[in-house]
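Here is how the chains run, residue by residue.
2 protein chains.
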Amino acid sequence: MSHTGLTSGLPAWSTDPGELARVSVDRSGVAPDGLPDLVVFAQSVRDVRRTVSYAASRGVPVVPRGAGSGVAGGAVAGAGEIVLDLSGLDRIADLRPDDALAVVEPGVITADLDAAAHPHGLRYAPDPASAAFSTIGGNIATNAGGLRCVKYGVTRDAVLAVDAVLGDGSLVSTGRRTVKGVTGYDLTGLLVGSEGTLGVVVGATLRLSPLPTTTATAAAFFATADDAVAAVTSLQRRGLRPSTAELLDQATLRAIDDAQGTALHTRGEVFLLLQTDGYGAEAELAEAERLLRPSATHLETTTDPETAARLVAVRRAALPAVERYGRVLIEDIAVPRSRIAESITAVGDIARRTGVRIVVFAHAGDGNLHPIVVADSAPPERVDEAVAAIFEHALAVGGTLTGEHGVGTLKRPWLADELGEPVLDLHRRLKSVFDPAGILNPGKAIR
Amino acid sequence: MSHTGLTSGLPAWSTDPGELARVSVDRSGVAPDGLPDLVVFAQSVRDVRRTVSYAASRGVPVVPRGAGSGVAGGAVAGAGEIVLDLSGLDRIADLRPDDALAVVEPGVITADLDAAAHPHGLRYAPDPASAAFSTIGGNIATNAGGLRCVKYGVTRDAVLAVDAVLGDGSLVSTGRRTVKGVTGYDLTGLLVGSEGTLGVVVGATLRLSPLPTTTATAAAFFATADDAVAAVTSLQRRGLRPSTAELLDQATLRAIDDAQGTALHTRGEVFLLLQTDGYGAEAELAEAERLLRPSATHLETTTDPETAARLVAVRRAALPAVERYGRVLIEDIAVPRSRIAESITAVGDIARRTGVRIVVFAHAGDGNLHPIVVADSAPPERVDEAVAAIFEHALAVGGTLTGEHGVGTLKRPWLADELGEPVLDLHRRLKSVFDPAGILNPGKAIR
Ligand SMILES: Cc1cc2nc3c(=O)[nH]c(=O)nc-3n(C[C@H](O)[C@H](O)[C@H](O)COP(=O)(O)OP(=O)(O)OC[C@H]3O[C@@H](n4cnc5c(N)ncnc54)[C@H](O)[C@@H]3O)c2cc1C
Ligand SMILES: Cc1cc2nc3c(=O)[nH]c(=O)nc-3n(C[C@H](O)[C@H](O)[C@H](O)COP(=O)(O)OP(=O)(O)OC[C@H]3O[C@@H](n4cnc5c(N)ncnc54)[C@H](O)[C@@H]3O)c2cc1C
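Here the protein sequences line up with chains A and B, keeping their order.
Reminder that position 298 of the first sequence reads as 298 in the UniProt record's numbering, one-by-one numbering, no gaps.
Reminder that position 81 of the second sequence reads as 81 in the UniProt record's numbering, one-by-one numbering, no gaps.
It should be emphasised that the hints constitute simulated quantities derived from the structure, not laboratory data.
Incorrect hints may have been included.
Claimed, not checked - Stretch by stretch, here's where chain B covers chain A in the computed footprint (C-beta under 8 Å, at least three residues): (1) 135-148; (2) 177-186; (3) 189-195.
Note that beta-carbon positions come from the ideal geometry of N, C-alpha and C, so glycine has one too.
Please model the entire structure based on the sequences and the hints provided.
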């Protein structure tokens with residue numbers, strides 16, 4: 001469809017097929033259904049309102065887009081759709097050290113905000129592994145998590161206020177500049193994680209937090225996932241609050257060893273990276289060491305930044321190492337804490353049964369597992385079978401389809417299994433309040 | 001109106017005027033408009049669904065009620081209304097130490113849940129000063145805060161899942177048992193703080209957290225509110241995470257001295273109670289001491305539980321001491337951190353200007369001020385003027401009408417000033433999705 005009614009007077013847009021192909025996909029591997037009609041590169045809130053109003057009046061779907069780093073197909077756009085690229089709205093409008101907050105546009109890169117806070121002794125706590133390229137708008141839309149969120153919370157915990165353009169083109173401001181507040185419903189929290197289906201985020205007020213004074217690091221290996229998870233649980237039950245608690249399974253260790261020529265997998269079946277921070281960091285790590293020592297097959301602790309960097313690098317190396325096997329699907333189930341070990345074992349069983357190569361990373365402190373499925377390691381129907389089995393396992397143990405990546409298009413088939421039809425119906429009615437014409441990212445997140 | 005259609009077969013209800021009078025008020029001092037028609041003492045989720053369905057079919061308002069300890073008039077009920085008392089649904093259905101969660105009915109008393117968690121080395125972190133008598137359902141409906149929430153979060157942060165009866169009598173389950181999860185919209189967070197206007201909470205899954213190993217306590221006095229607030233801010237900017245940071249102004253200190261025959265007010269204009277906890281508690285308090293020492297007029301620190309209890313008792317004595325002056329209105333504004341000192345001064349100015357006796361307690365760590373207005377200390381129109389001036393001040397400095405108590409009926413006149421008409425309208429449309437007949441606590445929280 002031609003959209004001259006929209007583009008006349010709009011400063012930046014494109015119908016170039018190369019550009020359209022680029023903005024039609026994210027990092028999920030989901031193939032769009034044809035090319036979108038148009039991409040609008042928003043330069044202002046006015047551009048966003050104008051695009052959304054136009055789309056509402058014509059019934060044309062709008063797909064909001066940050067950096068396109070999503071792994072659930074949330075930003076995938078096809079024929080008949082308009083891509084609304086927010087990456088140009090990238091100003092940090094205000095940074096208030098005394099109030100420990102920042103006011104930003106949605107296209108700000110996550111790591112850029114974090115870096116801007118550092119000179120003030122502050123940081124932006126949510127740290128998705130994609131921080132170097134993901135946008136704050138995308139983080140808000142997916143409620144992104146990261147390594148630190150076991151102690152410092154996910155994106156939702158950092159968002160105080162949001163400016164959003166609703167499906168009729170109107171602009172609303174929700175939330176406040178105060179840490180606490182209960183006037184009205186929590187519309188801010190509702191917009192967070194709504195994957196562009198309730199409103200286009202055009203601004204946000206974010207909490208910053210102090211840079212920790214000290215960080216202490218441990219790397220431990222265990223003979224079984226059971227031992228590793230039991231160790232993490234025992235720490236948490238003793239009141240330790242690790243700032244990082246990451247597990248890698250043996251398949252991951254082997255991938256890293258293959259890539260680096262190391263022999264990590266000989267140290268144990270499971271690797272645990274643990275960090276503590278703040279004034280109690282060393283006391284906390286000493287206690288952790290006491291608790292981990294009896295069951296660990298190998299244990300190393302440090303407060304030296306260089307040694308710590310070497311230990312953290314093991315975790316960092318995991319995804320690139322696995323990607324050497326081929327294109328990966330990054331799954332993202334979360335399970336109750338007591339079921340983590342069982343879930344790691346279950347994923348291993350699924351891999352063996354289906355013949356699909358799958359490794360597991362886990363944010364162990366909060367039960368969030370990333371089974372990394374190597375897409376080309378088996379025939380497509382086997383891969384589908386493995387992915388379905390992972391989701392079914394998650395739901396069977398009282399878990400969820402997605403801990404931090406979102407439902408996007410990929411996980412919609414299992415949505416009703418998790419939410420139930422009545423709750424899903426409530427979602428639809430709620431969406432219609434925010435987006436009466438149904439043009440905001442239709443077919444994503446809910447169904 | 002007679003409600004025999006409802007009461008036939010309902011196990012527990014009353015139309016006794018004494019009972020009706022008791023359940024028609026909360027602790028706000030708001031006078032109901034006549035007596036409610038009926039009170040239903042729910043014994044089961046079925047009773048709740050039946051009451052709400054009946055009310056929806058007749059267009060009769062239903063006022064959910066926990067312990068009636070609210071201070072915003074949220075549970076106040078008048079003629080033509082049905083009170084739905086949830087206090088009988090008071091079972092802790094499940095407590096899972098390994099998953100650090102509890103599944104409870106709404107009528108469970110906050111402190112009872114906390115106590116039930118202790119034998120497992122766990123606690124329920126949100127600790128409103130009313131914990132000994134408030135219910136979890138009321139805490140959820142108001143998103144209650146407490147002293148520990150500066151470190152451990154408010155009620156919303158502890159609620160993983162909710163079972164709620166919507167305005168058509170249907171039962172929905174939102175949320176999950178996992179710490180993280182982004183499937184679907186955050187309906188759980190939306191129900192938290194909705195003051196009974198979106199659904200009746202009939203069950204909840206709550207996060208528990210480990211009892212801290214160590215707690216360290218400081219009591220400090222300062223010559224000015226500026227000094228005290230600057231001290232707290234400097235701690236936070238250094239990355240300290242106090243578990244309590246409570247301020248009392250000099251009017252409060254005088255009230256305590258009057259009640260106890262002490263001379264606290266001679267030590268300084270403002271009192272600060274500070275606690276740190278966890279593995280770093282002592283290191284953190286030592287650093288706090290270093291930061292507070294230069295500006296404090298008096299400073300005492302301890303890790304001895306008995307000495308700590310004596311210092312904490314000063315904070316505890318505050319409300320009872322002020323209540324000796326007469327009936328109090330507990331206000332609850334929150335302001336950006338950098339405006340706290342200014343706000344304490346502003347409230348003092350308002351007290352002087354209007355001739356109303358007002359003292360201030362503050363959860364200083366998160367900018368939540370409780371101006372305590374002695375209702376009979378001046379003519380009613382003066383009291384109204386003072387309260388209005390406090391709200392106007394809060395909004396003028398970018399703050400909010402209520403940090404943790406809710407809007408109830410009391411704060412509705414200022415609601416549009418804070419939210420703006422478009423957002424308020426969005427609230428109304430959202431309510432109509434959850435409560436199409438408009439029978440759930442109408443006239444409360446929104447307008
Ligand atoms: C290597 C790698 C590592 C990753 N690590 C993590 C991780 O640790 N934790 C994690 O949570 N995720 C991770 N991700 C996933 C991804 O980076 C996050 O989901 C991120 O939040 C997406 O941001 P984005 O700007 O790329 O959004 P996009 O991919 O452009 O969009 C994501 C969704 O948000 C919507 N959206 C984007 N901007 C807006 C806006 N302004 N208003 C409304 N809706 C909008 C889109 O419509 C889409 O539904 C990783 C991805 C990769 C490739
Ligand atoms: C001395 C004193 C100290 C206090 N200290 C604090 C404090 O430190 N922090 C704080 O936040 N508050 C405090 N409060 C206020 C009050 O205790 C809280 O608001 C508490 O959460 C109310 O719980 P409740 O069970 O008494 O609820 P109620 O007063 O019965 O009801 C409060 C609101 O919740 C709704 N409601 C109750 N139960 C349900 C349910 N199951 N489903 C849906 N809606 C429901 C009611 O309709 C009403 O709108 C204090 C009050 C007093 C008297």
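Going down the list of hints, with the structure as the test:
With a cut-off of 8 Å between beta carbons, the region 135-148 of chain A has 3 residues touching chain B; three or more are needed, and the interface restraint holds. For the region 177-186 of chain A, the stated coverage by chain B is satisfied: 10 residues place a CB nearer than 8 Å to a CB of that chain, which reaches the threshold of 3. With a cut-off of 8 Å between beta carbons, the region 189-195 of chain A has 5 residues touching chain B; three or more are needed, and the interface restraint holds.
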